[in-house]
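Protein chains: 2
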Amino acid sequence: MKHTISALVENKFGVLAHVAGLFSARGFNIDSLAVGKTDDPEISRMTIVVDADDLTLEQVKKQLNKLINIISVHDITKRNFIDRELMLIKVSINKKNRQQVLEIAETLEAKTVHVGMKTISLQIVGSLDKIETAIKLLKPFGIKEVVRTGRIAMAEE
Amino acid sequence: MKHTISALVENKFGVLAHVAGLFSARGFNIDSLAVGKTDDPEISRMTIVVDADDLTLEQVKKQLNKLINIISVHDITKRNFIDRELMLIKVSINKKNRQQVLEIAETLEAKTVHVGMKTISLQIVGSLDKIETAIKLLKPFGIKEVVRTGRIAMAEE
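Residue numbers (the working numbering), protein chains in the order written: chain A, 1 to 157; chain B, 1 to 157.
Among the hints, a few may not be true.
Copies of the same chain are indistinguishable here, so a pair counts whether it falls within one copy or spans any two.
In silico BS3-like pairs for lysine-lysine, Cα to Cα no more than 25 Å straight-line [what the hints assert, rightly or not]:
| hint | residue 1 | residue 2 |
| --- | --- | --- |
| 1 | K61 | K96 |
| 2 | K66 | K96 |
| 3 | K144 | K61 |
| 4 | K111 | K130 |
No lab work stands behind these hints: they were computed from the structure.
With these hints in hand, go ahead and build the complete structure from the sequences.
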C-alpha cells in the first residue's frame, strides 16, 4: 500500500542520507521524495511516498522518531489531506499537431513556460492522477523530458 | 555558490540513500531535493540544490557518474533553464484580514486549495524568488504550515 509520510527535520547535512538509508535498509523503494525549507530556514519538511505494508512502516516510523535531528513524523495516508505535485514536461511540437497539444494543455490547466522551434514546455500542477493523465495524453506527441517534484501534502485542519 | 544538479537515476532502492550519502560525506548541506518518476517508471529524475564550491562539486559529480544506478548527472547552474517550485502554505485568517490575504494571494497567482474556519491554504508555483517573497508577504498574518517541493529545473533546448 502507498503511504505518504510527512516529517519535520532539522536542516543539517546527513539527515536526508540517514532517512533515505533507513528506508533502503528495509528494501523499500521510495516512489517520490521532496524536501524543502519551511518558513524557518533551520527546519525542513520532507514528504515521502513509499510502498510498504503497515507493520514494517510502523517500525520505520519508530526508528525515525528516535533520530535526534527529526522533529516529528506523521503518516498522513489516512487523514484528509491536500496533495499536489508539480511537473515540467517538454513535448515535441510541429505545425500539424500544435493546436492539438495546446488544447490538451488548456484542459490540464497547464501553463506554457518555454516555446522552442520544435518543442513546447509546460508546467502542470495537480494530484498524482492528474499528473499521470497528463503524461498519457502527451505521450503520443513525443515527450522529450519530464521533471516531477514528487507529491507534497498538507493535512486539512 | 548554489548549484542545481539534475540527475537521471534507475528507480531502485538505495540509489537515493547513496546519492544523499555522497553529499553528506563531504559536509554539503542539501538546500532542496526533489525526486520523482519520469515518463519511464523505471527511471527517476532528481533535482538537487546544493551550496558548494565548484571544485568539490566537480569531484562529487565524478563520483556520482561512477555509480552503476546513475544514468546521467548534469550541473545546469550555468545553462539556461526554467526553474520552478511548488509550495502549499496554510495561513491564519479572520474577518478583519481576510480581504488582505486574498489580495496578496491574487498578486501571487495563488490558488486556494482549502478554506477552514480560521485558515486558508494556498497553492503557489514559481521561481525560488517568488516563493520566498510569498512567505515574507504572508508571514505577518501567521503561517500555520509550509510544505515546499524544492526546486525542479529543465534546461531550455
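Do the hints match the structure? See the list:
no. : hint           : verdict
1   : K61 with K96   : neither (52 Å within a copy, 41 Å between copies)
2   : K66 with K96   : neither (58 Å within a copy, 42 Å between copies)
3   : K144 with K61  : between (38 Å within a copy, 24 Å between copies)
4   : K111 with K130 : both (14 Å within a copy, 16 Å between copies)
When held up to the earlier numbered hints, the structure conflicts with 1 and 2 and fits the remainder.
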